[in-house]
Amino acid sequence: MEESDSYSCLFQAAVGSGGGEAAVRRSPHGRQHDEAGRRGSKSIRIGEEADMLNKLRVTQAIAEAGVVAVLRADSAEEVARMARHAIRGGIKAIEITMTVPMALQAIQQLAAEYSSKADPASDTYAIIGVGTVLDPETARAAILSGAEFVVAPAVNPDTITLCNRYAVPVMPGTMTIRDIQTAMELGVDIVKLFPGSAFGPDMITAVKGPLPQANIMPTGGVSLANLALWVKAGAVA
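Per full-length UniProt numbering, the sequence shown runs over residues 1 to 237.
Quick caveat, the hints were computed from the structure, so don't treat them as lab data.
A few of these clues could be false.
Heads up, simulated PhoX-like pairs for lysine-lysine below, C-alpha to C-alpha not over 25 angstroms straight-line [as the list claims (entries may be wrong)]:
#: 1; residue 1: K232; residue 2: K208
#: 2; residue 1: K92; residue 2: K55
#: 3; residue 1: K208; residue 2: K55
#: 4; residue 1: K232; residue 2: K92
Taking CB as the label site, the calculated pair distances span [stated by the list, open to error]:
#: 5; residue 1: D123; residue 2: N54; range: 34 to 42 angstroms
#: 6; residue 1: L229; residue 2: A112; range: 37 to 45 angstroms
#: 7; residue 1: M102; residue 2: R178; range: 30 to 38 angstroms
#: 8; residue 1: R165; residue 2: D202; range: 31 to 39 angstroms
#: 9; residue 1: L134; residue 2: E78; range: 21 to 29 angstroms
Using N, Cα and C, we set each Cβ at its ideal position, and we do this for glycine too.
Please construct the entire structure, taking both the sequences and the accompanying hints into account.
So this is what it looks like as structure tokens:
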């Protein structure tokens with residue numbers, strides 16, 4: 001959702017199979033190897049579960065924040081200043097678009113300051129994400145820089161797959177119910193309705209008829225004057 005050009009309102013574990021009895025008998029150390037394999041599999045499961053819990057935490061935090069500040073600027077320094085002002089003003093989710101020169105530098109700096117090292121219960125905590133992501137390579141670079149969520153202008157299966165691999169929420173732009181269904185089938189938790197100004201709140205109401213489980217975040221065409229209508233229609237944030 002958008003108050004201005006700079007702000008938007010939102011919002012198989014791989015389990016190793018143990019070898020059979022014959023496999024254990026092939027080596028005098030087979031049992032130890034088998035047990036080590038089980039311990040390794042357990043570690044993998046625990047790690048993946050932790051990643052998925054973190055993804056769920058971020059997704060819920062975006063929805064609870066209700067507002068995501070979408071920031072664009074002419075430099076990394078300027079966008080970082082904008083982000084700090086927004087966070088001090090109470091915004092808990094920040095999206096730095098890749099149209100900002102040296103955007104990854106700003107994301108890395110802000111993530112270290114507000115999300116990676118901050119206590120989620122503190123007033124200084126905020127979720128730092130990346131927007132205008134066009135391909136999986138950019139998504140990966142942003143995630144490695146500290147981005148906790150990824151926003152894209154359209155449904156790109158490769159980008160979605162990459163984000164799912166890293167257990168990072170991805171919100172692709174959609175314009176049709178087919179786009180929305182495709183994104184959901186690819187594992188997307190929140191879809192972006194873009195541009196929201198081309199549809200209005202009635203679009204969400206219509207989509208939630210056949211797809212009541214869809215979490216939709218309108219971007220564009222949202223203002224203080226019509227915000228209540230979007231929320232009433234079922235916008236996730």
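Results for each hint:
no.: 1; hint: K232 - K208; in the structure: 12 angstroms, holds
no.: 2; hint: K92 - K55; in the structure: 16 angstroms, holds
no.: 3; hint: K208 - K55; in the structure: 24 angstroms, holds
no.: 4; hint: K232 - K92; in the structure: 22 angstroms, holds
no.: 5; hint: D123 - N54: 34 to 42 angstroms; in the structure: 21 angstroms, violated
no.: 6; hint: L229 - A112: 37 to 45 angstroms; in the structure: 38 angstroms, holds
no.: 7; hint: M102 - R178: 30 to 38 angstroms; in the structure: 36 angstroms, holds
no.: 8; hint: R165 - D202: 31 to 39 angstroms; in the structure: 36 angstroms, holds
no.: 9; hint: L134 - E78: 21 to 29 angstroms; in the structure: 22 angstroms, holds
In this structure, only the earlier hint numbered 5 is contradicted, and the remaining ones agree with it.
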